[in-house]
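Chemist: Listed below are the residues making up each chain.
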Amino acid sequence: GNSVTQMEGPVTLSEEAFLTINCTYTATGYPSLFWYVQYPGEGLQLLLKATKADDKGSNKGFEATYRKETTSFHLEKGSVQVSDSAVYFCALSDRGGGFKTIFGAGTRLFVKA
Amino acid sequence: DAGVIQSPRHEVTEMGQEVTLRCKPISGHDYLFWYRQTMMRGLELLIYFNNNVPIDDSGMPEDRFSAKMPNASFSTLKIQPSEPRDSAVYFCASSFIPGELFFGEGSRLTVL
Chain B
4 GNSVTQMEGP VTLSEEAFLT INCTYTATGY PSLFWYVQYP GEGLQLLLKA
54 TKADDKGSNK GFEATYRKET TSFHLEKGSV QVSDSAVYFC ALSDRGGGFK
104 TIFGAGTRLF VKA
Chain W
34 DAGVIQSPRH EVTEMGQEVT LRCKPISGHD YLFWYRQTMM RGLELLIYFN
84 NNVPIDDSGM PEDRFSAKMP NASFSTLKIQ PSEPRDSAVY FCASSFIPGE
134 LFFGEGSRLT VL
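Those protein sequences? They're chains B and W, same order as listed.
Numbering-wise, the first sequence is residues 4 to 116 according to this note's numbering.
Numbering-wise, the second sequence is residues 34 to 145 according to this note's numbering.
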């Protein structure tokens, strides 16, 4: 079945540091890939997406590239801010899985001023 | 649009009681999902609907859990009888593009 694996947290960075959160996936078909963000006390929000191989999703300075050859979708940001502190979830959805959306375990990010 | 609306936001109940969580999806969305979030197990998909029809309920923990979607604008998740291990945050989400989910703010359930 489909699955998503992401790096364990927490990740602690200083402001303006470079961020990478690793995500790999297993899917029987050709999934769409997503990153979601969850701030304390809130539901998840879609951050960015990519629907096919080599697509790059980007939003609010975050970006991720769909790498079919390595089955990966790593999240990156060049300069993090304190306000980026949150939990980040990698997710996939595909026709072969009936379009149900599967999430990774989440990675908590702390950014220090 | 008001977004996905869940109620109640917080529920504290005693073991053995019935719990009903409610969700109003965004108008026009034809997929509705129920997730449960805990520290130990993360975000688990319990069940999802397409056009009000349950598609996959394989994540429902056991027969104590049931979910319905009587129309396009309303869904319920019921736990009867509730147990302390059901304590979690329950999220409802809706979408019309597969994978692009809009989440409610969640219902935090505590079973004593």
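It is worth saying that the hints were derived from the structure and are not from the lab.
From the three backbone atoms N, C-alpha and C, an ideal C-beta is built for every residue, glycine too.
Incorrect hints may appear among the rest.
Said to hold, decoys possible - Taking lysine to aspartate or glutamate and the DMTMM-like style, the derived pairs with C-alpha atoms no more than 25 Å apart in a straight line are: (1) W/K111 to W/E95; (2) W/K57 to W/D96; (3) B/K80 to B/E11; (4) B/K71 to B/E45; (5) B/K80 to W/E133; (6) B/K59 to W/E133; (7) W/K57 to B/E45; (8) W/K57 to W/D89; (9) B/K71 to W/E133; (10) B/K63 to W/E138; (11) B/K55 to W/D63; (12) B/K55 to W/E133; (13) W/K111 to B/E45; (14) B/K63 to W/E133; (15) B/K71 to B/E11; (16) W/K57 to W/E77.
As the list claims (entries may be wrong) - From the structure, some residues in chain W lie toward chain B, with a derived Cβ separation under 7 Å: (17) P114; (18) L134; (19) F136; (20) E138; (21) G139.
Chemist: Should the hint that W/E138 touches chain B count as held when the rule is a Cβ pair under 7 Å?
Modeler: holds (5 Å)
Chemist: Hold the hint about W/G139 up to the distance rule: shortest CB distance to chain B must be less than 7 Å.
Modeler: Hint on W/G139: holds, closest Cβ of chain B at ~6 Å, below 7 Å.
Chemist: Does the CB of W/L134 sit less than 7 Å away from some CB of chain B?
Modeler: For W/L134, the interface hint holds, since the closest Cβ of chain B sits about 6 Å away, which is under 7 Å.
Chemist: Straight-line Cα separation of W/K57 and W/D89 no greater than 25 Å?
Modeler: holds (19 Å)
Chemist: Verify the proposed pairing of B/K63 with W/E138, using a straight-line Cα cut of 25 Å.
Modeler: Between B/K63 and W/E138 the Cα gap is close to 22 Å, so the pair holds against 25 Å.
Chemist: Take the C-alpha atoms of W/K57 and W/D96, compute the straight-line distance between them, and say whether it is at most 25 Å.
Modeler: Given pair W/K57, W/D96 holds - Cα atoms ~24 Å apart, limit 25 Å.
Chemist: Given the hint that W/K57 pairs with W/E77, does the C-alpha gap stay at or below 25 Å?
Modeler: holds (20 Å)
Chemist: Holds or violated: B/K80 and W/E133, Cα atoms, limit 25 Å.
Modeler: Given pair B/K80, W/E133 holds - Cα atoms ~21 Å apart, limit 25 Å.
Chemist: With a cut-off of 25 Å on the C-alpha distance, tell me whether W/K111 and B/E45 pass.
Modeler: Between W/K111 and B/E45 the Cα gap is close to 22 Å, so the pair holds against 25 Å.
Chemist: Given the hint that B/K80 pairs with B/E11, does the C-alpha gap stay at or below 25 Å?
Modeler: Holds - the C-alpha atoms of B/E11 and B/K80 are around 18 Å apart, at most 25 Å.
Chemist: Quick one, are B/K59 and W/E133 close enough, alpha carbons at most 25 Å?
Modeler: Holds, at roughly 16 Å.
Chemist: Would the pair B/K71 and W/E133 pass a check requiring their Cα atoms to be no farther apart than 25 Å?
Modeler: OK: B/K71 and W/E133 at ~20 Å, within 25 Å.
Checked against the numbered hints above, the structure violates hints 4 and 17; every other hint is satisfied.
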